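Chains D and Y, in that order, are what the protein sequence lines are. Under the working numbering, the letters of the first sequence match residues 122 to 499, in that order. Under the working numbering, the letters of the second sequence match residues 105 to 529, in that order.
The hints are simulated quantities; they were obtained by calculation from the structure and are not laboratory data. Owing to the predicted nature of the structure, the values given are computational and were not obtained by experimental measurement. All residues carry an ideal CB built from backbone N, CA and C; glycine is no exception. Keep in mind that a hint or two might mislead.
Just some of the chain Y residues that point at chain D, by a computed CB distance under 8 Å [unchecked claim]:
id	residue
1	G197
2	E199
3	R363
4	N366
5	I400
6	R403
7	G406
8	R407
9	R430
10	E443
11	V444
12	T447
13	D490
14	K493
Think about it this way: if two alpha-carbon atoms lie no more than 20 Å apart in a straight line, the pair counts; the simulated SDA-like pairs of lysine to any residue are [to be verified]:
id	chain 1	residue 1	chain 2	residue 2
15	D	K415	D	F372
16	Y	K425	Y	K438
17	D	K420	D	V369
18	D	K148	Y	E409
19	D	K183	Y	C371
20	Y	K451	D	Y350
21	D	K422	Y	K159
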Amino acid sequence: MADRQLIEPDLDFVKKVIGFGGETLKKCFQCATCSVVCNLSPDNEPFPRKEMIWAQWGLKDKLLKDPDIWLCHQCNDCSVYCPRGAKPGDVLAAIRNYSFMHFSFPSFMGKLLSEGKYLPLLLGFPIVLLLFLLGVTGHLNIPEGEIVFEKFVPHYIVDPVFILVSIFVAISLAIGVTRFWKGMSEGVFPSASKGLSIGDFVKSHVIPTLVDIVKHSKFMDCDRNRFRYLAHLLIFYSFAALAVVTGVVFFGIYFLGLEHMLPLAQWNPVKLLANLGAIALITGCTIVISNRLKEDEAKSKSTYLDWVFIIIVYLVAISGLLTEIVRLVNIPVLAYSIYFIHLVLVFYLIAYLPFSKFAHMIYRTVALVYASYSGREK
Amino acid sequence: MADTRDSISNGKAILVIGGGISGITTAIEAAETGCKVVLVEKEPFLGGRVTRLNKYYTKLCPPSCGLEINFRRIKKNPNIEYYTLAEVESVSGEEGNYDVVIKVNPRYVNENCTACGKCSEVCTTEISDDFNLGMNKTKAAFIPYNMAFPSRYVISPEIIGTDEAKKCLDACKYNAVDLDMQPETVNVNVGGIVVTTGWQPYDPAKIDNLGFKECENVITNVMMERLASPNGPTEGKILRPSDGKEVENIIFAQCAGSRDENHLPYCSGVCCLASLKQATYVREQYPDSKATIFYIDLRALGRFEEFLTRVESDENVSLIKGKVARVKEDPATKDPVVEVEDTLSGKKIKAQADLVVLATGIVPNTLGGSIPVDITCDDFGFVVSDPAKTGVYAAGCAKRPTGVAQSVQDATGAALKAIQSTLRR
Chain D
122 MADRQLIEPD LDFVKKVIGF GGETLKKCFQ CATCSVVCNL SPDNEPFPRK EMIWAQWGLK
182 DKLLKDPDIW LCHQCNDCSV YCPRGAKPGD VLAAIRNYSF MHFSFPSFMG KLLSEGKYLP
242 LLLGFPIVLL LFLLGVTGHL NIPEGEIVFE KFVPHYIVDP VFILVSIFVA ISLAIGVTRF
302 WKGMSEGVFP SASKGLSIGD FVKSHVIPTL VDIVKHSKFM DCDRNRFRYL AHLLIFYSFA
362 ALAVVTGVVF FGIYFLGLEH MLPLAQWNPV KLLANLGAIA LITGCTIVIS NRLKEDEAKS
422 KSTYLDWVFI IIVYLVAISG LLTEIVRLVN IPVLAYSIYF IHLVLVFYLI AYLPFSKFAH
482 MIYRTVALVY ASYSGREK
Chain Y
105 MADTRDSISN GKAILVIGGG ISGITTAIEA AETGCKVVLV EKEPFLGGRV TRLNKYYTKL
165 CPPSCGLEIN FRRIKKNPNI EYYTLAEVES VSGEEGNYDV VIKVNPRYVN ENCTACGKCS
225 EVCTTEISDD FNLGMNKTKA AFIPYNMAFP SRYVISPEII GTDEAKKCLD ACKYNAVDLD
285 MQPETVNVNV GGIVVTTGWQ PYDPAKIDNL GFKECENVIT NVMMERLASP NGPTEGKILR
345 PSDGKEVENI IFAQCAGSRD ENHLPYCSGV CCLASLKQAT YVREQYPDSK ATIFYIDLRA
405 LGRFEEFLTR VESDENVSLI KGKVARVKED PATKDPVVEV EDTLSGKKIK AQADLVVLAT
465 GIVPNTLGGS IPVDITCDDF GFVVSDPAKT GVYAAGCAKR PTGVAQSVQD ATGAALKAIQ
525 STLRR
């Protein structure tokens, strides 16, 4: 009886997963249709059938250390073919939400992000902070003359805030990801290729994974809903474009001494990239939102975490573009107000990244690298 | 002009709608108490789906002997008046007094027929063979199957008005072919009604991941019964459709549509036993063959468990827990390849076979309100007993997915209820 196993169900975990959108998990009767119809699922110990029973049994430890929950890209082929309406796609999404909140640091932030009642607090914090900083530096007024945002919120106010926030996010994610990697290493799929040098590890596991992500090749494997592929691709590349724009401007201001480089001329390639990014982001979000509204609730239902994330991203894009438009048509009060709103939303997106759905970007990447490293990938 | 006439059984009689095993049982049981019975069947023969079975579970005997006894009981009982090719058109009234209108479609062959087969010999037009579920063709002048009751030919409406029909008329020495036959209307008054309209197999083409449309060698369990029957399209040889090869390696995919909210949310109740039975007769017929049954749960209740244990003990029958969720065809061999996760080992299996049998489920013919009788059905179309609707009863698969033995018991019970509605004082 060497392989006898003591099952320790964690009922609180089951309740939490149900709360995060996995309310159908107990309907599963283990037929394994899901594992077969999923094009991303490996042949050996395929998902999501095993995750469904682990979730039913409250085997939190196994699930938290399971890279497979992140191999799922939620195309919902499984939920469409599920004979019981158990929605494995939604259940895995709920487990992923539980997972990154479990690993994130500090953990109370996860709770704040996952409940709608804390939303005013989370939005209120950057509003109060910015108003306070503007107040003490004497900038709580609408500047005269040509609209230049730097006159309203100077770099020396906004940049330190975002630099500090970025450092906080980086530390938080580093702690979360370290815990996550350690967990996976002790889990059901221990890594097979130990003793690799860092160079070889990067070469054989990190780079191919990043290439896959850049190409969105996993999305292409999903049978259903090719629009999701397009939408995610647009959002992904618009973030990349906007990150490049931010980087270039930051470099210009602090390393080339171009303190007053903003606003950039409309023909400037960096400006063009920024505008292109904003339009791609709005298009991507529009597709995502319209798909979600069209989705049959019997097959998949978006949760608060899903909605709050996509809406914030959407509003960031819209407020960013509006800021520019209103500046160009020269309505100072409106331009500065929208700019303020834009800053608050950007703060939300970046500062709360490790605790919002945005964290999937990091955790999924890490899980995919781990899957490659442990030989788990299909 | 349709002929109209009154039934000989006018007065205190019972109407039985559907002449399958449940209907003929109800009719015989009631008639043998002295009650008059009108039995209406839409096909040109009595016996329904049971006539299309190769063998019953679990005794593995053919249905022919039981049917023959029943047909004999009908033949010698003057209390039973039966109509084939007939449908109930309308029912009005209440318990104890229903006026029923029955429409009888023309068979174009009358009682003089001796089943000599001359009409069929001269006929060259071929039509899809309904009895064999369309797996082959039959002549347009045909007897549904060799043991059909009534033992009388049918001329398909497709050739009426053509030279082919005239050839049949000329070939008949007994004046049995009557090409001028018109639809008839029969009016009867009955006291009680039993709905035994039975079932049909779930349409496998609707299950798009199981390859029924795409793969030649994917068939259903009801087609399997015809393939294995001595009076079936291959005379009992189990040959796969693509190349007529004898089957050596066969896969059964359970719950093809059943227990599935996208198709039939309920368990069809008989498919596990049917597949166990089919695996058994394939193994008996071809001793070197192998059979694999992929299932979610094996449902062999009560004394059927013994049968399951018997099949399990055959080392050439594998029972694997995991539902077939994808079937593709190997283009070179035309072998279907099924994909399953064996849930006990946690490994995905890709299994190739000569033939895949989809264990499709039972859909009641009462689904969609196609029968003009005031009945209450559940969401799936099965008749539920409604205390407010006395006088109309159901039996067999009209009521629930069930096997032959239970249908027969159910039919006997329904006969008593209908007799009470008819003769109650």
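Hint-by-hint comparison with the structure:
1. G197: Since the shortest Cβ distance to chain D is 42 Å, the answer is violated.
2. E199: 41 Å, violated
3. R363: 6 Å, holds
4. N366: 6 Å, holds
5. I400: 4 Å, holds
6. R403: 13 Å, violated
7. G406: Since the shortest Cβ distance to chain D is 22 Å, the answer is violated.
8. R407: 25 Å, violated
9. R430: Given a least distance of 5 Å, the restraint on R430 (chain Y) holds.
10. E443: 5 Å, holds
11. V444: 6 Å, holds
12. T447: It holds, given that the least Cβ distance between T447 (chain Y) and chain D is near 5 Å, below 8 Å.
13. D490: 29 Å, violated
14. K493: 32 Å, violated
15. D:K415 x D:F372: Roughly 43 Å separates the two Cα atoms, so the pair is violated.
16. Y:K425 x Y:K438: Answer violated: K425 (chain Y) to K438 (chain Y) is near 25 Å, above 20 Å.
17. D:K420 x D:V369: 43 Å, violated
18. D:K148 x Y:E409: 27 Å, violated
19. D:K183 x Y:C371: Given pair K183 (chain D), C371 (chain Y) is violated - Cα atoms ~33 Å apart, limit 20 Å.
20. Y:K451 x D:Y350: 29 Å, violated
21. D:K422 x Y:K159: 47 Å, violated
When each numbered hint is compared with the structure, violations occur for hints 1, 2, 6, 7, 8, 13, 14, 15, 16, 17, 18, 19, 20 and 21.
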